[in-house]
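**Q** Line by line, the protein sequences are chains A and B.
Read in order, the letters of the first sequence are residues 0 to 313 in numbering that gives the first Met the number 0.
Read in order, the letters of the second sequence are residues 0 to 313 in numbering that gives the first Met the number 0.
Honestly, the hints are just simulated from the structure, not real lab data.
There could be a bad hint or two in this list.
What the hints assert, rightly or not - Derived contacts from chain B toward chain A, CB cut-off under 7 Å, selection only:
{"no.": "1", "residue": "9"}
{"no.": "2", "residue": "41"}
{"no.": "3", "residue": "191"}
{"no.": "4", "residue": "207"}
{"no.": "5", "residue": "249"}
{"no.": "6", "residue": "291"}
{"no.": "7", "residue": "303"}
{"no.": "8", "residue": "312"}
Stated by the list, open to error - Here are the simulated lysine-lysine pairs, BS3-like style, with alpha carbons at most 30 Å apart:
{"no.": "9", "chain 1": "A", "residue 1": "280", "chain 2": "B", "residue 2": "1"}
{"no.": "10", "chain 1": "B", "residue 1": "280", "chain 2": "A", "residue 2": "280"}
{"no.": "11", "chain 1": "B", "residue 1": "157", "chain 2": "B", "residue 2": "1"}
Source: prediction; values computed, not measured.
The beta-carbon is built from N, C-alpha and C at its ideal position, and this holds for glycine as well.
Number of protein chains: 2
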Amino acid sequence: MKTAIIGAGFVGRAWAISFARAGHDVRIWDANPAAPHAARDFIAGILPDLEANDLLNGGTPDALLARLNPVADLAEALADVDYVQENTPERVEVKRQVFADLDQHAPETAVLASSTSALLPSSFVEHVPGRSRCLVCHPINPPYLIPAVEVCPSPWTKAETVDKAAAFLRSCGQAPLVMKREIDGFIMNRLQGALLEEAFRLVADGIAGVEDIDIGLRDGLALRWSFMGPFETIDLNAPGGVRDYAERYQGIYSGIFPSVQRRVDWTGPVMETVEATRRAKLGADQLGDRQMWRDRRLMALLAHKRRAANDIGE
Amino acid sequence: MKTAIIGAGFVGRAWAISFARAGHDVRIWDANPAAPHAARDFIAGILPDLEANDLLNGGTPDALLARLNPVADLAEALADVDYVQENTPERVEVKRQVFADLDQHAPETAVLASSTSALLPSSFVEHVPGRSRCLVCHPINPPYLIPAVEVCPSPWTKAETVDKAAAFLRSCGQAPLVMKREIDGFIMNRLQGALLEEAFRLVADGIAGVEDIDIGLRDGLALRWSFMGPFETIDLNAPGGVRDYAERYQGIYSGIFPSVQRRVDWTGPVMETVEATRRAKLGADQLGDRQMWRDRRLMALLAHKRRAANDIGE
């Protein structure tokens with residue numbers, strides 16, 4: 000398929016890898032005419048690591064790069080495209096203008112998707128004549144390493160648009176979470192936020208240390224979640240399945256619930272503890288190196304998951 | 000060290016593997032005199048899989064089995080032990096009696112740890128003369144596959160007891176989360192509960208399907224959490240680290256907070272949806288096979304994590 004990346008920063012260039020890896024043509028446009036070329040150069044630097052981890056679907060870096068086409072003119076970038084992924088700044092007035100432009104120049108059949116993590120689609124597509132083909136497809140960065148993508152329709156998005164977007168994302172090896180309607184935080188930030196609120200509360204109340212929370216996830220809860228998710232995990236944690244689990248253990252959770260109705264300010268005194276603990280583990284000047292380490296660990300984890308799904312089953 | 004497993008059911012026999020694998024002597028006692036022998040037979044059936052995944056620390060199944068000693072008499076099981084792990088039924092009156100018995104028969108220097116997931120240590124050790132050496136060491140099952148263990152002191156537990164328990168658990172390859180004081184749900188069930196409450200709410204409100212939630216974790220959030228935990232994850236998700244992250248994104252999370260002050264009854268109408276979805280994916284008669292699949296996937300994940308930590312760094 001023919002695709003366009005609108006906005007070639009951190010998020011846009013990551014999408015470009017995912018789309019081109021799947022064999023799609025990718026036109027890259029940015030308000031800054033130098034940005035698409037910089038994005039292509041950045042991508043060229045990442046591809047050898049992906050190839051070494053067998054994460055290029057058997058293709059070569061050169062073949063992938065040949066599918067990336069920086070385009071200076073917006074109308075030209077959008078001519079004949081099937082799918083558009085927008086990655087401009089997270090300001091509602093910017094996105095309102097961009098979506099009006101996209102709708103004007105892209106073929107009627109094209110899906111127009113935004114990468115926004117913070118804005119509801121209704122806030123920036125209401126005025127767009129083709130709003131029924133607009134929606135949010137929000138990645139966890141970087142999407143070429145993390146499959147999950149939230150597909151969030153506006154109140155005016157056609158079901159056909161949602162289906163086309165989800166099918167396109169699946170063709171790229173992504174795992175779409177198809178939302179029934181929009182809600183602040185979408186799904187993943189709501190789930191992450193619920194866990195983080197409790198984590199900050201436990202540290203603020205002096206129950207647990209920052210490192211204890213991280214141990215509890217990386218050596219505990221997140222192991223099973225990383226290949227099953229939370230519902231399948233509890234389904235297998237009681238002899239009679241998920242209903243049995245809820246009947247046996249809901250009492251523990253409902254007993255806890257009243258004590259979590261209080262929010263701790265993450266930037267308040269608790270941040271002294273959180274920041275001191277993290278900076279003792281990792282100096283501020285090492286954050287960049289650690290991000291590269293994280294991405295290498297993510298690549299190795301994905302390669303492992305694919306092998307395990309193949310050898311042991313999904 | 001000399002250890003005793005008190006209560007040889009699902010949890011007790013899992014601990015026995017962890018302790019014996021680390022080279023500790025393990026006496027196994029149960030109120031039902033047949034149970035320790037059944038536990039040993041059960042363990043013998045699991046060890047080949049652990050050996051195949053290089054999860055026996057280089058030892059052999061026979062050597063590990065030789066360290067497991069079913070003992071019929073409680074006083075004999077406790078003679079000369081250094082560490083006792085209690086795994087009797089989750090009823091406070093049972094544990095009150097058991098801890099009185101343990102304290103009477105075990106040497107003064109021994110640590111007395113309970114596996115309880117539901118009871119606070121203060122509820123069953125207050126009357127015990129040696130309560131200062133009693134605490135909770137709560138595993139995520141099975142502990143021979145999942146390193147995290149919550150170490151929860153009662154108000155009377157000596158700091159020395161906490162340190163000895165944590166050091167013993169580390170000697171077994173476990174990853175202790177050392178709590179500063181007791182709280183309902185300890186740490187991991189509070190974090191899991193926070194996420195599950197939001198998951199049930201999203202399904203009950205018709206925002207997301209059960210499978211979408213599982214995708215969001217297994218193909219999204221839990222990937223990074225499985226080798227970093229949530230605090231390190233957000234520390235790497237903003238250019239200036241964790242404080243920068245909180246300053247940039249707290250607004251999203253605080254905006255969500257008011258909408259999560261409502262609890263959905265997990266066993267209410269939402270369970271029809273959850274159960275129907277899960278049973279369509281996995282028949283009730285397949286739960287046992289799937290649990291064995293889960294444990295094989297866990298073993299492969301642990302082997303991967305060890306390799307990745309070695310090759311890429313921790």
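**Q** Among the hints numbered above, which are violated by the structure, and what are their numbers in rising order?
**A** 1, 2, 6, 9, 10
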